[in-house]
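If you want the building blocks of each chain, they are given just below.
Number of protein chains: 2
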Amino acid sequence: MNFKELENGSVTSPRGFRAAGVTAGLKPSGQPDLALLVSDVPAEAAGAFTSNLFAAAPVEWDRKVLRTGAPMRAIVVNSGVANACTGQQGAEDARTMASYTAELLGVTATEVFVSSTGVIGKQLPMDIVRHGIGLAVKALSHQGGEAAAKAIMTTDTVQKRIAVEFELDGRTVRIGGMTKGAGMIAPQMTLCQNRPKQATMLSYFTTDAAIGREALRSALGHALEHSFNRIIVDGDTSTNDTMIVLANGLAGNDVITEDTPQWYQFVEALRHCATKLAQAMVLDGEGVTKFVELNVTGTADDASARQIAEAIARSPLCKTAWYGADANWGRILCAAGYSKVPFKPAQVDLDFDDVPVVRNGLVAENADEEAQSVVLKKRSFQVNLKVGSGPGRFVLWTCDLSHEYVNINADYRT
Amino acid sequence: MNFKELENGSVTSPRGFRAAGVTAGLKPSGQPDLALLVSDVPAEAAGAFTSNLFAAAPVEWDRKVLRTGAPMRAIVVNSGVANACTGQQGAEDARTMASYTAELLGVTATEVFVSSTGVIGKQLPMDIVRHGIGLAVKALSHQGGEAAAKAIMTTDTVQKRIAVEFELDGRTVRIGGMTKGAGMIAPQMTLCQNRPKQATMLSYFTTDAAIGREALRSALGHALEHSFNRIIVDGDTSTNDTMIVLANGLAGNDVITEDTPQWYQFVEALRHCATKLAQAMVLDGEGVTKFVELNVTGTADDASARQIAEAIARSPLCKTAWYGADANWGRILCAAGYSKVPFKPAQVDLDFDDVPVVRNGLVAENADEEAQSVVLKKRSFQVNLKVGSGPGRFVLWTCDLSHEYVNINADYRT
Numbered sequence: 002m003n004f005k006e007l008e009n010g011s012v013t014s015p016r017g018f019r020a021a022g023v024t025a026g027l028k029p030s031g032q033p034d035l036a037l038l039v040s041d042v043p044a045e046a047a048g049a050f051t052s053n054l055f056a057a058a059p060v061e062w063d064r065k066v067l068r069t070g071a072p073m074r075a076i077v078v079n080s081g082v083a084n085a086c087t088g089q090q091g092a093e094d095a096r097t098m099a100s101y102t103a104e105l106l107g108v109t110a111t112e113v114f115v116s117s118t119g120v121i122g123k124q125l126p127m128d129i130v131r132h133g134i135g136l137a138v139k140a141l142s143h144q145g146g147e148a149a150a151k152a153i154m155t156t157d158t159v160q161k162r163i164a165v166e167f168e169l170d171g172r173t174v175r176i177g178g179m180t181k182g183a184g185m186i187a188p189q190m191t192l193c194q195n196r197p198k199q200a201t202m203l204s205y206f207t208t209d210a211a212i213g214r215e216a217l218r219s220a221l222g223h224a225l226e227h228s229f230n231r232i233i234v235d236g237d238t239s240t241n242d243t244m245i246v247l248a249n250g251l252a253g254n255d256v257i258t259e260d261t262p263q264w265y266q267f268v269e270a271l272r273h274c275a276t277k278l279a280q281a282m283v284l285d286g287e288g289v290t291k292f293v294e295l296n297v298t299g300t301a302d303d304a305s306a307r308q309i310a311e312a313i314a315r316s317p318l319c320k321t322a323w324y325g326a327d328a329n330w331g332r333i334l335c336a337a338g339y340s341k342v343p344f345k346p347a348q349v350d351l352d353f354d355d356v357p358v359v360r361n362g363l364v365a366e367n368a369d370e371e372a373q374s375v376v377l378k379k380r381s382f383q384v385n386l387k388v389g390s391g392p393g394r395f396v397l398w399t400c401d402l403s404h405e406y407v408n409i410n411a412d413y414r415t
Numbered sequence: 002m003n004f005k006e007l008e009n010g011s012v013t014s015p016r017g018f019r020a021a022g023v024t025a026g027l028k029p030s031g032q033p034d035l036a037l038l039v040s041d042v043p044a045e046a047a048g049a050f051t052s053n054l055f056a057a058a059p060v061e062w063d064r065k066v067l068r069t070g071a072p073m074r075a076i077v078v079n080s081g082v083a084n085a086c087t088g089q090q091g092a093e094d095a096r097t098m099a100s101y102t103a104e105l106l107g108v109t110a111t112e113v114f115v116s117s118t119g120v121i122g123k124q125l126p127m128d129i130v131r132h133g134i135g136l137a138v139k140a141l142s143h144q145g146g147e148a149a150a151k152a153i154m155t156t157d158t159v160q161k162r163i164a165v166e167f168e169l170d171g172r173t174v175r176i177g178g179m180t181k182g183a184g185m186i187a188p189q190m191t192l193c194q195n196r197p198k199q200a201t202m203l204s205y206f207t208t209d210a211a212i213g214r215e216a217l218r219s220a221l222g223h224a225l226e227h228s229f230n231r232i233i234v235d236g237d238t239s240t241n242d243t244m245i246v247l248a249n250g251l252a253g254n255d256v257i258t259e260d261t262p263q264w265y266q267f268v269e270a271l272r273h274c275a276t277k278l279a280q281a282m283v284l285d286g287e288g289v290t291k292f293v294e295l296n297v298t299g300t301a302d303d304a305s306a307r308q309i310a311e312a313i314a315r316s317p318l319c320k321t322a323w324y325g326a327d328a329n330w331g332r333i334l335c336a337a338g339y340s341k342v343p344f345k346p347a348q349v350d351l352d353f354d355d356v357p358v359v360r361n362g363l364v365a366e367n368a369d370e371e372a373q374s375v376v377l378k379k380r381s382f383q384v385n386l387k388v389g390s391g392p393g394r395f396v397l398w399t400c401d402l403s404h405e406y407v408n409i410n411a412d413y414r415t
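Protein chains in written order, with the working numbering: chain A, 2 to 415; chain B, 2 to 415.
A hint or two may mislead.
A pair counts as met if it fits within one copy or between any two copies, since identical chains are not told apart.
Pairs of lysine-lysine, BS3-like flavour, derived with a Cα cap of 30 Å [unchecked claim]: (1) K123 with K341; (2) K123 with K378; (3) K28 with K341; (4) K379 with K123; (5) K341 with K139; (6) K28 with K65.
Bear in mind the hints are in silico, worked out from the structure with no lab data behind them.
These numbers come from a predicted model, not from an experiment.
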């Protein structure tokens, strides 16, 4: 690794970013519910958004402003209400969030990204939102990353943020990030302006690196595919999933262009931040008690390995067995077997961490159920499934399904 | 309807079928775990089996004997152990179940179907199975349908059986059926010997109708598509799903051939039995407190409507909201939106029973959340989703996801 993680890092760790998190009053709980992130100077931007047909109004706004290709200045985020399935009024409210923020910051509306997360189908109470934006602008600070990370939370139990630092052309470059999301998590996001994919996860990255827009876009795409697009909590893909990165160039490095050594260094660091935040999201998923790394190998291609991994990660029977630390490997093979990927059952091997469970489609000789059970009782473990000798492979991070998940979601709105 | 349901009907309601259900000792609970169903005379047969790659040993056996095209005599079923992922030993054990049953009945092994349901990956304790087969042969009776329906249960809480009666060519014809299955239910079964599909649901039908094999096969296919292949409990498709129908001709009607009025009458009655049993299976699904009929309409074709219905039926967020009687319609639209079926969000209407929820993609005018909530508190209700003006439609029966589901599956094996 050519970078180091900063202690207590956040989106305000890179130079020239201010942030705030305030209580506007959208959440009945009185918890912070409005975050604002601002770059002191115009910043290059890239974004990826949900592939759900019911993309929320703020997602549509963000796609539009990103398409202008112009530098960006700010991101305003509310939690509590998703502004999804809200029609023309929702579109107007998203635009108003941008224009009101822009007005107070002295920039233009199309320089402001907007995100919302929370209940679908409710209109935003705009008086409360405006009030919150006013508070947030006043609270902006170069140390505001932590407050912002808190204000974007919904059913999250911990704030999720990170920052790394590395050298580029003799300059110190930093990348900061924050994310939220605990339910409705199966992101399949698509890069805006090109190939698109999807979460409600919201993730924001800042960097003071100088980097061209196209290089930033491809860096985000690469980081996304190795992070948020390979996690599944419940398997529901949200209407609001958003990943945005802002790069303001204040580190003073030579502008990074694609496929240069500097670009690879930047991508490695960005990917690290995104992966760490994605994994933290799974671990903090609704009711999650186990973090499971699914490694599927031996398929004809990576897409097939992914398809098998997704079938397992979405299986309520696999997820409840993990919750119960039950070494019921038949459910894992069963899910692989209905994934519609062709393979030979007699070539299947399965391990929990490095403990053999299945060999050649049958229970492993000298299988030690005690040892298997020890693995499954850990907070975090690997399920390693080999279905043949092909070169395809995929790693996916997922979790168990617990009583607490049902508690949280049987009555989310009250 | 050209038929009537019989009170206390079962697989022994049609003439010439004997059945038994006994306790072999496979279940730690001491509940009945071995069922036997026998036709007094050779019977035409048709079957459909799981599409899971890890098809269990008895499924492979059944496919093989069905391919011979010869008449069949019996079905032997054990619960407690699935005989799936059991390799060569499992294949031998399935064959032994058939041959031992055949020996005691004085028929040949290839005239005997075999089914197993229970834990995957365990070898059958064949001494116990043989013991049970011996008991079952002795217990066979023309009134044994109820005992058999009880012996095939696993996590089922009630036995599920039915029989109907109708007139054909002046003769009284009967169809009887029984089914089991509460978890690992998302059957996608395929007809054997032709187009195949999948559950562990096990379903057996008997009839004293005289019907040609091809006509029986297509009747089963039709009934299957309108019953077991359109239910989803947890979304996991089992390794053992089986649907078999035996027709012994003892009613003395003219042999039914395809696409005759008699065939349609037979199909209507068979479909009724299969649909009733499939719906009963959902209502008795693991931890189920709500039965939900999903009606998706307005797509380009039926397959697209099915794809949307399946996304909703598999969504943990929709299922937990139903459990909580929470009118959180955003989750339903969200699931439709990630189903990968194209439609226009602004054309979407949603009703709970006949209570308007969404119109044109937005919350319905004068939406009455109280009235919605009354519907969702019922034990059984409809979710009616219209996504456009196309001719495509699909009805799927599904259920909620409860604490009890997690209880049952977090520690199924102990």
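**Request:** Provide an ascending list of the numbers of those earlier hints which the structure does not satisfy.
**Result:** Result: hints 3, 5 break, sorted rising.
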